[in-house]
Every structure is written in C-alpha cells, then in structure tokens.
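Enquirer: Go ahead and model the full structure; you've got the sequences and the hints to work with.
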Amino acid sequence: MTPRTPRDKPDILSALASPVGKKALTGVTGLAWAGFVILHMAGNLSYFGAGEAYNEYAHKLLSLGPLLYAAEILLVVCLLIHAVLGVNIYLGKRRARKRGYDVYRSAGRPGMQSPSSRSMILTGVVLLVFLVIHIKSFKFGPGIAEGYSLLAEGEQIRDLKRLVTEKFQHPLYAFGYTGVMILLGFHLRHGAWSALQSLGAMNRRLAPLVYGIAAALAVGVAVGFVALPLYIYFSAL
Amino acid sequence: MAQTMTIHFKIWRQSGPDAKGKLVDYTLDNLNEDMSFLEALDVLNEALIHKGEEDPVEFDNDCREGICGSCGLVVGGIAHGPMKATAVCQLHMRHYKDGDTIVVEPFRAEAFPIIKDLVVDRSAFDRIIAAGGYVSVDTGGAPDANSLPVPKNDVDEAFDFATCIGCGACVASCPNASASLFTGAKIAHLAHLPQGQAERKQRVVRMVDQMQAEGFGDCSNHGECEAVCPKQISIAAIAKMRREYLRAVFG
Amino acid sequence: MTLEAHVPSGPLAEKWQHYLDKAKLVNPANKRKHEILVVGTGLAGGSAAASLAELGYRVKVFCIQDSPRRAHSIAAQGGINAAKNYPNDGDTVWRLFYDTVKGGDYRAREANVHRLAAISNQIIDQCVAQGVPFAREYGGLLDNRSFGGAQVSRTFYARGQTGQQLLLGAYQALERQVQAGGVEMFPRREMLELVVVDGAARGIVVRNLVTGELERHAGDAVLLCTGGYGNVYFLSTNAKNSNVTAAWRCHRKGAFFANPCYTQIHPTCIPVSGKYQSKLTLMSESLRNDGRVWVPGTAGDARAPGTIPQAERDYYLERRYPGFGNLVPRDVASRAAKVICDDGFGVGATGQAVYLDFADAIGRLGESRVRERYGNLFEMYERITGENPYRAPMRIYPAVHYTMGGLWVDYRLMSSIPGLFVLGEANFSDHGANRLGASALMQGLADGYFIISSTLGDYIASGGGSGEVRASEAAFDEAANAAEDRIRRMLHVDGSKTVTEFHRELGQIMWDYVGMSRNREGLLHAIDAIADLRADYWENVSVPGRKDALNKNLEFAGRVADFLELGELMARDALHREESCGAHFREEYQTPEGEALRRDDAYAYVAAWESTENAAEPVLHKEALSFEAVDLSTRSYK
Chain A
63 MTPRTPRDKP DILSALASPV GKKALTGVTG LAWAGFVILH MAGNLSYFGA GEAYNEYAHK
123 LLSLGPLLYA AEILLVVCLL IHAVLGVNIY LGKRRARKRG YDVYRSAGRP GMQSPSSRSM
183 ILTGVVLLVF LVIHIKSFKF GPGIAEGYSL LAEGEQIRDL KRLVTEKFQH PLYAFGYTGV
243 MILLGFHLRH GAWSALQSLG AMNRRLAPLV YGIAAALAVG VAVGFVALPL YIYFSAL
Chain B
73 MAQTMTIHFK IWRQSGPDAK GKLVDYTLDN LNEDMSFLEA LDVLNEALIH KGEEDPVEFD
133 NDCREGICGS CGLVVGGIAH GPMKATAVCQ LHMRHYKDGD TIVVEPFRAE AFPIIKDLVV
193 DRSAFDRIIA AGGYVSVDTG GAPDANSLPV PKNDVDEAFD FATCIGCGAC VASCPNASAS
253 LFTGAKIAHL AHLPQGQAER KQRVVRMVDQ MQAEGFGDCS NHGECEAVCP KQISIAAIAK
313 MRREYLRAVF G
Chain C
97 MTLEAHVPSG PLAEKWQHYL DKAKLVNPAN KRKHEILVVG TGLAGGSAAA SLAELGYRVK
157 VFCIQDSPRR AHSIAAQGGI NAAKNYPNDG DTVWRLFYDT VKGGDYRARE ANVHRLAAIS
217 NQIIDQCVAQ GVPFAREYGG LLDNRSFGGA QVSRTFYARG QTGQQLLLGA YQALERQVQA
277 GGVEMFPRRE MLELVVVDGA ARGIVVRNLV TGELERHAGD AVLLCTGGYG NVYFLSTNAK
337 NSNVTAAWRC HRKGAFFANP CYTQIHPTCI PVSGKYQSKL TLMSESLRND GRVWVPGTAG
397 DARAPGTIPQ AERDYYLERR YPGFGNLVPR DVASRAAKVI CDDGFGVGAT GQAVYLDFAD
457 AIGRLGESRV RERYGNLFEM YERITGENPY RAPMRIYPAV HYTMGGLWVD YRLMSSIPGL
517 FVLGEANFSD HGANRLGASA LMQGLADGYF IISSTLGDYI ASGGGSGEVR ASEAAFDEAA
577 NAAEDRIRRM LHVDGSKTVT EFHRELGQIM WDYVGMSRNR EGLLHAIDAI ADLRADYWEN
637 VSVPGRKDAL NKNLEFAGRV ADFLELGELM ARDALHREES CGAHFREEYQ TPEGEALRRD
697 DAYAYVAAWE STENAAEPVL HKEALSFEAV DLSTRSYK
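Chains as they are written, first to last, in the working numbering: chain A, 63 to 299; chain B, 73 to 323; chain C, 97 to 734.
A couple of the hints might just be wrong.
Said to hold, decoys possible - Capping the alpha-carbon separation at 27 Å, the derived lysine-lysine pairs in BS3-like fashion look like this: (1) B:K156 to A:K155; (2) B:K156 to B:K123; (3) B:K82 to A:K160; (4) B:K224 to C:K180; (5) A:K229 to A:K201; (6) B:K123 to C:K129; (7) A:K71 to B:K273; (8) B:K92 to A:K155; (9) B:K94 to C:K643; (10) B:K92 to C:K111; (11) B:K92 to A:K160; (12) B:K82 to C:K180; (13) B:K123 to C:K734; (14) B:K123 to C:K180; (15) A:K160 to B:K169; (16) C:K643 to B:K169; (17) B:K123 to A:K155.
No lab work stands behind these hints: they were computed from the structure.
Expert: Here it is in structure tokens:
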C-alpha cells in the first residue's frame, strides 16, 4: 500500500467519520447523556423530598413544552449517534484483530484497562434495551387518564410517585433496575473519563485526577439511582 | 554462578503469511537467570538446528538494547513481557521461576500481517510517518540552530514523545489494535516544537487519515498502550493528537 | 595502481570550498534521469537518500531491517560534536579538526577531517530545523556538554538517545521523499553483490529476505552506507544484524579495504556474563565524567567492593594518567582495563571486569543529581545485571564498538571502483586509528547530508554512470549467479555445527589475537586459525531451512562466511602494521611505560588492501598521509 493522497482539510462529514471525529462525537454525545443522567438522578432523589416535590418536579418538566421536546429530540439524536458509533467502533476492533491472543493479560498501571473499559459495548447495549423498557413503563406508562393523578395547586397532575412506588414494590423491577444502574455506573466509570480524553481535554497532569473523579461520579450516580428502588422495595416489606 | 533453570515455552509457529499457525511446546532445561529472554530463544534455536527436525523459530531482533524497536513479542499475554519500560530484548530470565511456562505469540493485528512465526510486517508505521510525520525542510539553508530558542519545558515534553521506538507494542496490546499512541506520539513531538508549527494542521490530518486507511482499530482509551510502551509514552499523546485534529478541522 | 585521493589544492581550510567551487553540477532537469542506489539507512544512508531525492535524483533505498528507522545508528547514546562554540569556551573549527586528527593518532586524511569539522555546524542547524529535540538550557538555547575528555563543551545531545533522535530526523526526511515519490524504499533486502559494468558500479543484487528472491537493481551510482564490521568479533555493541557483507562483496569486486585492523574497543560496557551471551551493551562514556574506575589493590581480592577500604583500592587510571584520570580516550582506557585484568586484578565472576564507582559522586552531588544525569543508564544497567549501581559500583569491561577501518574512499567518498561511494562507518576516512566520542554521528551526517550531494553530482556531471544499463545484462547474471551459488552451497553443506557456533569461535580468535593488544606471534596464529575455521565452515556448517522464505539463519550464514574472510584480512593488516597507533596496539611497539609507540617514519600511510583470488595474498596499496597543518605529536594523557 502506498500512502494515500493527502486531504489536508477534510470536509466535516469525513472529519467526523475519522478515528478522532468518531471518538469526539462519542464523547460529546456521551457527555450529554451523562449530564441528563445526573439531572434524572437528582429528580429521582426528590422522591425523598417533602410533600409532592417529586410529582411537582415531574410536572414542571412536562410543562416546559417545546423546550422539553427539543431536549428530548437532542437526547434521542445523541443516543442514536452514540450507539451507532459504539457499535461501529466495536466492529472495527473485531476487524482490526481477527484472531485474538491465546493468552492475553493487561499490564496494569498506568493503563486504564478495567472491567468497565472492556465492557462498554455490553453495558451500552443493556442500557439501550433498558431505556426502551424504562420509557415505556414510565414516560408512556399509565397517567392521568388511567387514574394516576392528583390535585396540586388546583391543577390535575400526573401522580408519577404512585406509579414509581407500585413498580418498585415488584422485586423483578426493583432489582432489575438496581442491576442496570450498577451497569450504568460501570459505563460511566470509563465513559466519563474517556469522553474527555477523546475530546483531547486531557494532559499528563490532569488525566489521573479526572480518572479519579470519573470513578467518584460513577459510584455517586449508581448509588443515587439504586437508592430509590431499594428504599421503596424494602420499606414495603 | 547463576542458577540453571527449566522453562516450558509455548511458541506460535506459522510457516508463512497464509499458513495456519499453532502454539508448539518446547522445554529447555539449560537456561539461567542472567540470560536475556531472546538469548533463551537463541538457545532454543541452536537446539532445534542441532536436532534438525524443525526450522528455528523466527523472530525479529537487532540492537538488543531496547532502542531499535525490532523486537516485539507478546510474552505471557503482555507485549514485551511483564517488566515495565522494557523491550523484550531487555527482559531477563531472572524474572521467571524454574519450571514456569511462558506463552510466546506474535504481535497480532490485521495491519501487522504475520510473515513467519513471530515476525510481523509493521510497514504500516512507515506509511503513517510518510504521510506527514516530519518537518518539510530540505537539506541546506537551515538558519543557525540557536536562532530559534525553544523553552526547555517544551523541548523536554517533545522529547518524551519523540522517544518512540516504533516497535508496535501499543498496537499489539491494545484491545482494539489501535495505532493511536504511535501516531499521536509523532504528532505530539512535532506539535510541541516551533519547527513543527507550519505544517501542524495538514500533518495531523494526513497522519490520522493514513492510520485509518491501514486498518488499525479506533482508540477506546484503555490506556493499555502506555502500560506496555518500552519508552513509557503517555496517552497524553493521543489527547494531543485529537486536540490537533479538532483544531485542524474546526479551528 | 596508485591511490589518488583527489584532495583539492589550496590551504587546508579552503579545500572544501575550493572543491565546491569547481565541482560540476548536474542540470536540475537531468537529475531525475539518474537513478541512485543507496544501501543502508543509518545516519549516512538515510540522510544521503533524503538529500539526493530532494535534489531530484531518483533514489532506490535498501535496508536489511523491516524499517529504515531501525538502523544501528539509532543506538548511539552520547552526542554529536560541532564547533559552534556556543559556550564561548574557545572552540573553533580548527580545534575540532585538530582534536579529531590527534585523537585518531594521525592516521586519518587531514583534508577529510578538516572538512568534517567545518561541516559540523551545518549538521546541527539542519537537525534542529527538522525538529530534533536536542537538550536546551532554560533560556531556550542549545545545551552543550564536554564528552570523551574534550577540553571544550562541543557535544550536542538528546538525553542518552542522541543517535535515535538524529536517525529519526533523517528517517523522517527519507519518508517525506518516499511520499513525494523521489525515493522507492526496499526494506528487508540484503545486498549480496555489486554489479560492475565497464569498470563502474552500476547495480546491485539484493536478496528479498521475506521471499528469498534475488532482485536486480540497476543504477547510475551505488552508495554504500552499511556501517561497520564490529560483529566479526561475535560479541560487540553492534546490533545483531550489523555485518560486513555488502562492503565485503564490493571489496571482492575490486574496492580496496582500508585499515581493517583499526577497531575501537569501548571501555564502558557491561561485562560478559556467560557463554550464551549474544551481544554486549554499551554504557555511555559520559559515565566516566563522574564515575571512578578502580580494582582491588590485591590480585584475586574477592571481598565485596563496599568492604574494601580506600587504601586497598587501585584507581589505576588516576594513578597512571594523573592529567586526564578517568577521562583518558577510549583506546587508552580500554587497554588499561585489559592490562589490569590480565594481571589478575579483575573483579566479578569472570575476573574480566573493573569497577566504575559512583559513591564519591553520590556523596558529592547527592543521589538525586546523579539520578538526573545518569538515571536512564543506571536503570539500563540494573535491568541487565539485576544489580543496583546506586548501592554497589558498576562492573564494566571494554567491548568492540566501532570500526575505523572500512572501504577506501577518496576525498569525494568514492571507492576504488568508480561510481561506488561509501559513506559513514562503512568507509575508512575520518577517524584514523581511533575515533573520538561523539564523532561518529557527525561523520555519518556530514557524509550523507552535505558531502555526497556535491561529489555525486560532480561524478554524474563528469560523465560517470552514463549510458543505459539493464538488469538483464550479463554482469547482472553473473552477480546473481554468484550470490545464488553461495546460498546453495551453504544450504547444501549440511554439517553438524551451527552458524552461531562458527561465529562465536571466530569471535574468540579475533578477540584473543586481534583485539585490544596484538603481537606478531598471535597474529600469525590467528591467520592460520581463521583460515582453518573457514575451511571447516564450508565443510561442516549446518544451515537449516529453505532459501525461498524468511530464513534468518541463512542470512547469518552468508554474513559469517564473509566475516571469516574479513577476519583474516584484519589480522594481516594488524600484522603488517608494525607500530602502535590509536586502537591498534602492537605489544612489540610500546614505550618502557607501556604506552603506544607510533612509527611515523614508516607507517604514516593508509593501508588499502586489494582482494585477490587467494585470501592469503591480498595486495597492499599505500596512500601516504601528509600533514600540512599539524605537527605529528605523541599523544600524552599523563
């Protein structure tokens, strides 16, 4: 093979399809979702708040109207890009080494290879499947029409808290959710750090620090999410 | 006198690029701890020649002092073996115990096709450099070397990346078989120096493009490359490459 | 035949300029019509190929490694000299020239050495422009250090990896030309024959080391940049694949081999640890700046070094050479180590080692300063020996490192075969009988970047390499058949000894009798022993495998076969040179204090050997060395 004819300034699409572009896009879309996940977690935790904080929060979100739709569309687009690139990178890796090693070990530090980094495709796919079920259960689950409603400040709003409470009293749902959230933690453990490295935001001093913060974030998010189902399940016993 | 040791090897044998290979067992009972790993393979090859039943094991090696980058074996599952900052030619048998079994495989990547046994074709690296890994100055006419001061820190940083020996362990160890550390190291070396500024943008675009064309995988930031690199080149090189690329495209 | 060196007229300092003024130029449009074959991609070959392609020549480049970046220049540690005088310590071109000529014990061609010194500054400029990360000071300017006992700081360096960084600079320039289409690269090729047509070098036959195919390449000139032949000693600091084959095949085709006996033995290497040893590792000479060399004062003293009191130690370099102490030139330091070990004072399991002790330096500077200066070398030492040099002194012993001899070339770097140019360590030209530290890199790059572009052009423009030559011509058939024939013979011997066993045996003979000190009796013995070993080789060698596949044993078999011829020539050269000069120490010719006794009246010449059918009868040609600018003094480091 001879070196290719140079393209000094690639058009935007081929730049995004380059090894750098793909990872940068994966990183940006991943970070968008990480941001969403943190907000979502904060929302979940309002369940523990006084009165109808949880339902009011949910209602406030819904009342954003077009803004919410825009955010949702953005998230869906990010998700699609993230997922497609993830699969693409995974398939590329399979192509780049068709025959693996008979014996393979990680050399350890300073490498950052971990169960988390090795399982991104797996945790990613599980999260995707979960997401579909999750949205079906809650976002498109029973609402005011089905009687899950209450009056708040003179307005009929959806009683999401009741739905959530009922769902998580079911062991399959409570523990299934818990399991998936732990996987989310794994995904974030590598993903959060990796996204910044992919965007070129790392240097030698910053990397270990950010790698540590990513771990804290992953644990924090996972704990934040599993608190709700476990609390509901066990307090109902 | 150094202790005599017995070592069991499982070595990848493959007679040609398209042949089917397999791990073959060999046992050597006359090794000692002061030998280098490659010297142990020399002992094996001498024994094979004397026996006359099988061709010696082919493996690339040259300087045997860790700088030429010729040698490259996956030893016990790790590119260049278990010692940090050590090319396999500088790995010594004292790090093994009498009776150990050591699996030896070639660097595996589609972009590094196997030529024979443990010898692979790493010319993809040359083509990545050819795509732009240089400063385009013809011989002659360079200004006085001290006409361009370069801050010490910049040059030290550049050196850390320039120290790459092109062995390919980064690719071999990468779960994705990515060449990002190799490519990034050269980009980072030149990007840290004023001499590299003029061609900064086109260099990164061309080299990344070539890297992709060679069929390496994409980098997923496992950082395994840094852990096996005989020169301990930091994956900061990869971050730098990405910064340079994004700057070239969007900047 | 008389050897015409083609040294330009005029005062020494103006000769090169004078040559450039008069050299014929090739019309730019015509350059692309000329194909140049460059063999080897070290500093000399890589820089030459890149520079010639930049000028517009079509260049084909061959190397035995899988990539041109791996040539053994990459392993040079210490640095590269240049007469920049940046530190303002009084260095000049003349001083660098003088030190180099004197260091070579007045056995180099004066005009070549002056040119080398004059070009040295341009090399640094060129390399810096390429982005070579030389060490710098905090102000951003280049740092220099004193090296190998020089009185001025003129050595530019890039940590302990100067050769690597310079080679990568040349390699990148080369790859740039590959991309631009000016260079066609042929890695994993070994040159096995030179093709001479009408008396001029017009092609080569190379073996494709992957397929085993013999490939023919025709060209208008051949540049041999194939390095030195230190591996004739089996153990050396050279890379495993370093060899003499390309140069030797040219020698057998008529190129004279000059001063083959001048072999540099480097004083600071890690000692041999066992019979299986495959190569020796150099520890940079810079270690002697702070390390003190000693042995126990009593022969056979087996106490641990730390337990031997100061009074019972012999700091023999400081004792014998109070002026320079531990910083005496390489040849002097090496020989002193050999003498002291031969007398039974050596240390370690084999008794073939001396201590290089940093305890004083650590006491004076602190461990962290020492680590800063030598950390990577200390790590390398520990990696290889398993011992920590911060705690116990290093054990070192001399090892074969560099060969000053090589194919004879004239001032234009052209061998005695027109059209065959020889660059870098492969030629004999600039270092005389001993090379100073940090001069090899300088020479390789001077030849490749700055000299060959003019002298090759001069040759081509003067009608050299004209007329079309086709690879199908009889001369190519003949060369290819000869190469094929040798390969077939080696494979068919089917004996009982491996190539490595022969090589090791040859190395032992060379080390014992053609090593650091030589005498008539030993050399005569070596000549016979090598001839016997060579005869045995062709009857008893066992070369496994096939010729039409990757077969490193077959490659080595060819190289050892050539070493077996070269070794004898080295011994003959050493025998005929009845004087001690530089690295060549004849025991019969020493002063009462045991120092080298040079005999300028009889031996101030280059010995250029012409090959004949009979290895025992090479023909000696002499190029007289006349010195206009310097007085021949006796080196004294007392």
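Enquirer: Each hint: holds or not?
Expert: Right, here's what the structure says about each hint:
For the hint linking K156 of chain B to K155 of chain A, the alpha-carbon distance of about 25 Å falls within 27 Å, and the restraint holds. Between K156 of chain B and K123 of chain B the alpha-carbon distance is near 35 Å, which puts this suggested pair outside the 27 Å criterion. For the given pair, K82 of chain B sits about 21 Å from K160 of chain A by alpha-carbon distance, which is consistent with the 27 Å threshold. Distance check on the hinted pair: K224 of chain B and K180 of chain C sit about 20 Å apart at the alpha-carbon level, within 27 Å; holds.
Taking the CA atoms of K229 of chain A and K201 of chain A, the gap is about 13 Å. The hint holds against a cut of 27 Å. About 53 Å separates the Cα atoms of K123 of chain B and K129 of chain C, which puts this hinted pair outside 27 Å; it is violated. For the hint linking K71 of chain A to K273 of chain B, the alpha-carbon distance of about 8 Å falls within 27 Å, and the restraint holds. In summary, the hint linking K92 of chain B to K155 of chain A is supported, as the alpha carbons are separated by about 22 Å, within the 27 Å threshold.
Among the hinted pairs, K94 of chain B with K643 of chain C is consistent with the structure: their alpha-carbon atoms are about 23 Å apart, no more than 27 Å. For the hint pairing K92 of chain B with K111 of chain C, the CA-to-CA distance comes to about 62 Å; that exceeds 27 Å, so the pair is violated. Simply put, K92 of chain B and K160 of chain A have alpha-carbon atoms about 14 Å apart, close enough for the 27 Å limit, and the pair holds. Proposed proximity of K82 of chain B and K180 of chain C is contradicted: the alpha carbons are some 55 Å apart, above 27 Å.
The hinted pair formed by K123 of chain B and K734 of chain C fails the criterion: a straight-line CA distance of about 56 Å is larger than 27 Å. Pair hint K123 of chain B plus K180 of chain C does not hold up; C-alpha atoms about 59 Å apart against a cutoff of 27 Å. With a CA separation close to 33 Å, the supplied pair K160 of chain A and K169 of chain B exceeds the 27 Å bound. Taken as a hint, the K643 of chain C and K169 of chain B pair is broken in the structure, with Cα atoms around 38 Å apart against an allowance of 27 Å.
Pair hint K123 of chain B plus K155 of chain A does not hold up; C-alpha atoms about 41 Å apart against a cutoff of 27 Å.
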